[in-house]
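Q: Could you build the full structure based on these sequences and the hints that come with them?
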Amino acid sequence: MNSLIKALKAEIIKNKNSNITWITFAAFALAPVMGGIFMLILRDSNDLAKTSTLSAKMEFMNVAANWDSYLNILSQAVGVGGIIVFGFIAAWIFGREYSENTIKDLLALPISMAKISNAKFIVYIFWTIGLAFFNLLTGLIIGLLLHLPTSNDFLVSAHLSNYFITAILTILISMPTAFFAVWQKGYLAPLGFMALTLVFSQIIAATGYGYYFPWSIPGLYSGAGGEYKLQLDALSYGILILTSMAGYFSTIVYYRFSRKNILPNFKRKRQE
Amino acid sequence: MHSIETKNITKLFGRITALDNVSIQVNEGEIYGFIGLNGAGKTTLIRILLGMIRADSGNAYLFGKKLSSDFNLWNNIGYSVETPHAYPDLSVTDNLKVYYQLRHMKNPTLIDNIIDQLHLGNYADTKAKHLSLGNSQRLGLAKALMHRPKLLILDEPINGLDPEGIIEVRELLKELSFNGATVFLSSHILDEISKVANRIAIIHQGKLIEELTTEELTDKLIRKILIQTRDNRAAVQVLKEANHTAVLEDNGEIALTNSRAVENPENISELLVEKGLPPKQLYLFTEDLEMFFLRMIKYNNP
Numbered sequence: 001m002n003s004l005i006k007a008l009k010a011e012i013i014k015n016k017n018s019n020i021t022w023i024t025f026a027a028f029a030l031a032p033v034m035g036g037i038f039m040l041i042l043r044d045s046n047d048l049a050k051t052s053t054l055s056a057k058m059e060f061m062n063v064a065a066n067w068d069s070y071l072n073i074l075s076q077a078v079g080v081g082g083i084i085v086f087g088f089i090a091a092w093i094f095g096r097e098y099s100e101n102t103i104k105d106l107l108a109l110p111i112s113m114a115k116i117s118n119a120k121f122i123v124y125i126f127w128t129i130g131l132a133f134f135n136l137l138t139g140l141i142i143g144l145l146l147h148l149p150t151s152n153d154f155l156v157s158a159h160l161s162n163y164f165i166t167a168i169l170t171i172l173i174s175m176p177t178a179f180f181a182v183w184q185k186g187y188l189a190p191l192g193f194m195a196l197t198l199v200f201s202q203i204i205a206a207t208g209y210g211y212y213f214p215w216s217i218p219g220l221y222s223g224a225g226g227e228y229k230l231q232l233d234a235l236s237y238g239i240l241i242l243t244s245m246a247g248y249f250s251t252i253v254y255y256r257f258s259r260k261n262i263l264p265n266f267k268r269k270r271q272e
Numbered sequence: 273m274h275s276i277e278t279k280n281i282t283k284l285f286g287r288i289t290a291l292d293n294v295s296i297q298v299n300e301g302e303i304y305g306f307i308g309l310n311g312a313g314k315t316t317l318i319r320i321l322l323g324m325i326r327a328d329s330g331n332a333y334l335f336g337k338k339l340s341s342d343f344n345l346w347n348n349i350g351y352s353v354e355t356p357h358a359y360p361d362l363s364v365t366d367n368l369k370v371y372y373q374l375r376h377m378k379n380p381t382l383i384d385n386i387i388d389q390l391h392l393g394n395y396a397d398t399k400a401k402h403l404s405l406g407n408s409q410r411l412g413l414a415k416a417l418m419h420r421p422k423l424l425i426l427d428e429p430i431n432g433l434d435p436e437g438i439i440e441v442r443e444l445l446k447e448l449s450f451n452g453a454t455v456f457l458s459s460h461i462l463d464e465i466s467k468v469a470n471r472i473a474i475i476h477q478g479k480l481i482e483e484l485t486t487e488e489l490t491d492k493l494i495r496k497i498l499i500q501t502r503d504n505r506a507a508v509q510v511l512k513e514a515n516h517t518a519v520l521e522d523n524g525e526i527a528l529t530n531s532r533a534v535e536n537p538e539n540i541s542e543l544l545v546e547k548g549l550p551p552k553q554l555y556l557f558t559e560d561l562e563m564f565f566l567r568m569i570k571y572n573n574p
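The listed protein sequences correspond, in order, to chains A and B. Residue 78 in our numbering sits at position 78 of the first sequence; the count goes up by one each step and never skips. Position in the second sequence counted from 1, then plus 272, gives you our numbering.
Derived pair list, reagent style DSS-like, types lysine-lysine, alpha-carbon separation capped at 25 Å:
#, chain 1, residue 1, chain 2, residue 2
1, A, 9, B, 369
2, A, 16, B, 401
3, B, 467, B, 492
4, B, 337, A, 104
5, A, 104, B, 279
6, B, 492, B, 570
7, A, 9, B, 378
8, A, 185, B, 399
Stretches of chain B that chain A covers, calculated by requiring three or more beta carbons in the stretch to come under 8 Å of a beta carbon on chain A:
#, segment
9, 322-328
10, 352-362
11, 366-379
Please keep in mind that the hints were generated in silico from the structure rather than gathered at the bench. Every residue gets a Cβ at the ideal spot worked out from N, C-alpha and C, and that includes glycine.
A: Right, here's the structure in full:
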């Protein structure tokens, strides 16, 4: 436990002056800001934007200028946009050691690579949870500033639970991105993987089978797929959790194997 | 007990044999110079010693313990492999703090001490990405030395250092060795190795071709008296008649290699003056490590 705390402290120091932290918060703040702009457009019937295609589309999607719609937009931003931002964070945390050529300085230390890897996952989880709270807080401030009304059946607890479960699902399913960072030793492969999963999640969700494709599930849960959310069942969540765990364990195992003398070397054993 | 011992280490990269049955023993407290051309296998051996890559056959031992998953003496080892890298957005101090945590250290003054020792005080708050190559090298050494290891494995530690920095590192290594630490030093800057190492190993094309102490090296280095006179051919004749092994070299100088001449050059001078061939130039030439190294390589790769 002490080793894990030391590794965690080291990870915190590493991220201390990182611009990436603020960039991810700024990028994630775009969702509530854009959502707020949509609300403005929809609210004012005299607004020129009312005639725009954007406004027409929002009305078609049954989006109204109220808290229900706004919180739904925030949930969907986490479920879909989170795949990008959270995946980027996982790629950064694990890929930086290779891109910055510091991985070799981690290999001959009195601390296991598994502990370093776990510390990185803890930072990832706190970072992404922080982003989820920040996104919600920014949204609440913008919503209050806009004096958004509530609908008759508005239930804040239902919205918050929808938001946070979507965030947790997105955090879980972005963890396998870390494996691509350690496997391909850098940022490019995980970013490519992340882009690919995002594209596939949209295509597969559109075909109606998104409930069994783990990267579509957070988006569907958030309500971005409308009625497709009803298709989600225990198996869907099971697939998502299994995929997440597979990503986590494969990252730990592969990171541990960076220290090559712990690899089972069958060839060497045979020669001995 | 040897601080480092390898037994018949072989490492292949595809069809290329990076290391071919390399066996070395590095004693406690010595400075062991490991020299070779680029691509000779120096860094490969260091990476094997640090568990970064596996040998295809053979074993490596540190402090008598076989390198395996159970090996847990990493805090007794400090290392710097190839070009030192650091977290670019972290200051010198923060970079050291990262390894302070990862090495489970409990004495915060160690960070300040090593910063002072390596003259990084003016750069303590400078981000690593803004350091010069020399100061990056110092930071790499600081990471390797901060925890006062018993064994220091350094790969090309003086690359990029200015002359003053080279002297500082040399003195530092001598001091560490004096205090009981073992230093395994790889370099292609042979002059520097010859100034600090107690023992030297030469690796060429993956094979250990020579391993010798500084004393043995001194004995093996070619020493000769080089002479110029008004008439070198006549002088060679005179010297041969006096039972010296005198030869006329390609550049026209007379070379005397027999120990009687090398030990007493003044006698040669007297002899030539007596015979009316006073030397215009007479000096004792001693082969340096660089020449010895090239001679060994040429001998092993005709």
